[in-house]
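Chemist: Sequence:
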Amino acid sequence: GGTLNVSIRITNTGARTATETLQLYLRDLVASVSRPIKELRGYQRITLAAGESQVVSFPITDAELAFPGPDFSLIVEPGEFEAMIGPDSSNLRRVRFKRRE
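For what it's worth, this note's numbering labels the leading residue of the sequence shown as 1, then goes sequentially.
Everything labelled a hint here was simulated from the structure, so no lab data went into it.
For every residue, glycine included, the Cβ atom is placed at its ideal position computed from N, Cα and C.
You can take every hint at face value.
Quick list of the computed label-pair ranges, beta carbon to beta carbon:
# : residue 1 : residue 2 : range
1 : T3        : G51       : 26 to 34 Å
2 : G42       : K98       : 18 to 26 Å
3 : R9        : R100      : 24 to 32 Å
4 : G14       : P59       : 25 to 33 Å
5 : P70       : E39       : 17 to 25 Å
Generate the whole structure from the sequences, applying the supplied hints.
Modeler: Given below as structure tokens:
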């Protein structure tokens with residue numbers, strides 16, 4: 001596999017400098033075994049001045065898509081995935097992507 005970068009633009013709409021922690025969750029939509037609906041796979045903490053915007057990127061590699069198989073070795077399957085980014089697990093922007101063989 002290669003690396004897929006998922007990005008989001010975040011803007012501080014407040015009147016003061018603020019720090020936010022953005023979280024990356026992944027979901028395997030067609031896994032051969034039951035997988036969690038959301039798995040935290042990364043996070044970044046950023047500080048923005050009032051009115052400032054910044055694009056935050058998360059690299060997604062096979063390491064983020066892997067899960068332990070029956071013998072506990074890591075498995076990465078092809079298929080459709082969903083990346084979710086936001087400040088918490090209930091406030092997320094979503095994008096779907098496919099991993100090929």
